[in-house]
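Novice: Mind docking chain B on chain A? Use the hints.
From first to last, the protein sequence lines stand for chains A and B.
So the first sequence is numbered by numbering that gives the first Met the number 0: it starts at 0 and just counts up by one.
So the second sequence is numbered by numbering that gives the first Met the number 0: it starts at 0 and just counts up by one.
If you're looking for bench data, these hints aren't it; they were derived computationally from the structure.
Worth double-checking, as some hints may not be accurate.
Each pair may be met inside one copy or between any two copies, as identical chains are not told apart.
Distance condition first, Cα-Cα at most 27 angstroms in a straight line; then the derived BS3-like pairs of lysine-lysine [said to hold, decoys possible]:
1. Lys112 <-> Lys246
2. Lys112 <-> Lys75
3. Lys294 <-> Lys246
4. Lys112 <-> Lys279
5. Lys246 <-> Lys279
6. Lys279 <-> Lys75
7. Lys246 <-> Lys224
8. Lys294 <-> Lys75
9. Lys279 <-> Lys224
10. Lys294 <-> Lys224
11. Lys224 <-> Lys112
12. Lys112 <-> Lys294
Protein chains: 2
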Amino acid sequence: MPSQPFAGVLVPVLTPFTASGEPDAGRFVAFCRWLLDQGADGLAIFGTTSEANSMSAGERMELLDRLIASGIPAAKLMPGAGACSVTEAATLIRHAVGHGVGGVLMLPPFFYKGMDDDGLFAFFAGVIDRVGSSALRMFLYHIPPQTVLGLSLDLVGRLIEAYPETVVGLKDSSGDWSNTAALLERFPDFAIFPGSEVFLLDGLRHGAAGCITATGNVNVPGIRKVYENWRTPQADALQAEITLARKTIQAYPMVPALKRIVAHFHADPDWAAVRPPMVKLSEAQSGALLGDLAKIGFTLGEARREAAE
Amino acid sequence: MPSQPFAGVLVPVLTPFTASGEPDAGRFVAFCRWLLDQGADGLAIFGTTSEANSMSAGERMELLDRLIASGIPAAKLMPGAGACSVTEAATLIRHAVGHGVGGVLMLPPFFYKGMDDDGLFAFFAGVIDRVGSSALRMFLYHIPPQTVLGLSLDLVGRLIEAYPETVVGLKDSSGDWSNTAALLERFPDFAIFPGSEVFLLDGLRHGAAGCITATGNVNVPGIRKVYENWRTPQADALQAEITLARKTIQAYPMVPALKRIVAHFHADPDWAAVRPPMVKLSEAQSGALLGDLAKIGFTLGEARREAAE
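For reference, chain A alone in the conformation it holds in the complex (with noise of 0.2 angstroms):
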């Protein structure tokens, strides 16, 4: 069995632009040192939530750089390598175990539809053959909403026989818990990760390794709170209050909405900016969001700011 690199709490770090719609490398090393500092255990960057697919494979690269300068421990990263082409793949992945990531996430080749289970064999076991390091770890992401185009429970079967010491986990988005429960009874030491954290508390009762979850981003205490206490009797009240949050966030698009909370309580505007095809809220939504927030009590990094005091 390989080592497992992940567990606990892992957000899928948003990425902020520039007024001119540029990556903006400063703020972006600087809200990854905040989530590790909130407790996150490990950082998700480039996946959906960080409009991973919005940038070039160069950008990505290039802000993985200046991640890793600005000291970022690069075992703490798990950079999405999704790119619908066997090269592209290899190349952002060859790029990140260089840099010592302690794993990647890694979509299904998203432009392609119906694709049959021999064909998503050979895409995965393409890319890792050509990136050929036995430093790899591979985190399988499974997110039909998105990709249209999901992983069987055979094809995962697969890929861990063929490549038991890279192909160690998988992020569940699917947001079907039938589907995570499946994955939990048939791969017992696989790392799962649920793609939400309404499901925290029922996958680490199956033996889920935690969750990678897009409100990470505002809530990495709470989410902590649940991954910590889970065998307590507080478990189901604390998991309450982080899907409440969860559902008051997910009235609004996700990832506008997320940066809205972050320009909000970080108090800097700009954070609000996002890349097209998405749309920043607007004045009505991030005023409803906010008041939605407000009445269910909910604060950036309180936790923290309690244990601080």
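Specialist: Using the frame of chain A, we list chain B on its own:
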């Protein structure tokens, strides 16, 4: 009204790969030359049929460099610039426009789903503005079966209005005649190409500019006959012939089937290679496909051979 760089039968050119899976520039150049010799009015290289998204941006630009260096006329080329990021799309397009291509074919940012028209408008506008060239002629690419992210008529109208000299046409691969008909009615001066020759005659009768079709890789002469004779009494019979050929081929996975046909008729077995996640036809499928084609009397490049006799 802008000048229209393309009309007639355009081919989304198959991309040959070597046995080790690398783009095969030599075979690609020869095949492009053969297609033009067969009568293709334009080459929509790097489209869906080209497995363009199975190549990195660098690989695509290098293949285009090789085509140009080999003397293929740039004005005949309509390279696809499929990318989910404004930055990568702009890089691909700047490179293509720098070579003097007739136009480019532009996908929406296909990783995303359920984006509204404001975001999609900002994406296309962002690319056009970033390229910043009056030489750019952009064809929009509506292919919801692959992208699950379509281009509404309103969005098309907004883009034409904002960029009348740049946004000059559209390829409609929806497979939905009612959508093509609605586009033709609403935008009579726009160059609209159905994405299948099945709609060629109906399209021409309603003002379409021609078609851009996968099966053009193996049937330019037949499809050209419909284009040349659409006002004659033979038009419906000619259309029935190419529709039958199309339906025979598309009973199999389209790209592997087309590559298998090219391999057979060009007596070049290596042509059958595909990149993952696509999978080559099995021997049984290949035999059945070639048998089905023999039954309908299909021969590659027949019209030109007749002409030469």
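Novice: Evaluate each hint against the coordinates.
Specialist: Going through the hints against the structure:
Taking CA atoms no more than 27 angstroms apart as the test, Lys112 paired with Lys246 passes between copies only; the shortest distance there is 20 angstroms, against 30 angstroms inside one copy. With identical chains, the CA atoms of Lys112 and Lys75 are never at most 27 angstroms apart, being 33 angstroms at best within one copy and 30 angstroms at best between copies. With identical chains, the CA atoms of Lys294 and Lys246 are at most 27 angstroms apart within one copy only, with a shortest distance of 13 angstroms there and 59 angstroms across copies. Taking CA atoms no more than 27 angstroms apart as the test, Lys112 paired with Lys279 passes between copies only; the shortest distance there is 16 angstroms, against 29 angstroms inside one copy.
Taking the shortest Cα distances, Lys246 and Lys279 sit within 27 angstroms of each other inside one copy (19 angstroms), while across copies they are farther apart (45 angstroms). Proximity of Lys279 and Lys75 under a CA criterion of 27 angstroms is satisfied in neither setting, with 30 angstroms inside one chain copy and 40 angstroms between copies. For the homomeric pair Lys246 and Lys224, the shortest alpha-carbon distance inside one copy (18 angstroms) is at most 27 angstroms, but the shortest distance between copies (59 angstroms) is not. In this assembly of identical chains, the alpha carbons of Lys294 and Lys75 never lie at most 27 angstroms apart, being 34 angstroms within a copy and 61 angstroms across copies at closest.
For a Cα distance limit of 27 angstroms, the shortest separation of Lys279 from Lys224 qualifies neither inside one copy, at 31 angstroms, nor across copies, at 50 angstroms. Only within a single protomer do Lys294 and Lys224 lie at most 27 angstroms apart by alpha-carbon distance; the minimum there is 21 angstroms, versus 69 angstroms between protomers. Taking the shortest Cα distances, Lys224 and Lys112 never come within 27 angstroms of each other, neither inside one copy (39 angstroms) nor across copies (33 angstroms). Within a single copy, Lys112 and Lys294 get their C-alpha atoms no closer than 42 angstroms, and across copies no closer than 30 angstroms, so neither meets the 27 angstroms cut-off.
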